[in-house]
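Novice: Input sequences plus hints: build the corresponding full structure.
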Amino acid sequence: MDEFDESIELMRDGIISVDSSSWNTTTQIDRIVLNGLLGEGYINETMLPWNSGRPILIKIFWGTEAHNAGQPVGFEVL
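Once you know that position 20 of the sequence shown is 3 in this note's numbering, the rest is easy, because the numbers rise by one and skip nothing.
To be clear, the hints were calculated from the coordinates, so they are not data collected in a lab. Glycine is no exception: its CB is placed at the ideal position from the N, C-alpha and C atoms. Since no wrong hints were added, every one of them can be taken at face value.
Here are the computed distance ranges between Cβ atoms for each label pair: (1) Ser0 to Asn27: 17 to 25 Å; (2) Ala49 to Gly24: 30 to 38 Å; (3) Glu48 to Gln11: 29 to 37 Å; (4) Trp33 to Val56: 29 to 37 Å; (5) Asp2 to Gly22: 14 to 22 Å; (6) Leu21 to Glu48: 28 to 36 Å; (7) Asn27 to Asn7: 13 to 21 Å.
The calculated lysine to aspartate or glutamate pairs, modelled on EDC-like cross-linking and capped at a C-alpha distance of 16 Å, are: (8) Lys42 to Asp13; (9) Lys42 to Glu59; (10) Lys42 to Asp2.
Specialist: What follows is the structure in structure tokens.
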């Protein structure tokens, strides 16, 4: 079975952009997101906005069924 079962509907409407000039200028939520992505290996330090010169874009997948409506069910680093 795939990560996302065919019977699960997903909305693809949430994108988070992290575009800070240094670690010191990031917001607390951006630090939490970046630490999570770094810790899990989804990004590395060369991909950080102040090293790459480009923002990090993260697409959030939201559940639409009764058991997960409005809850994030996955993400993709763009």
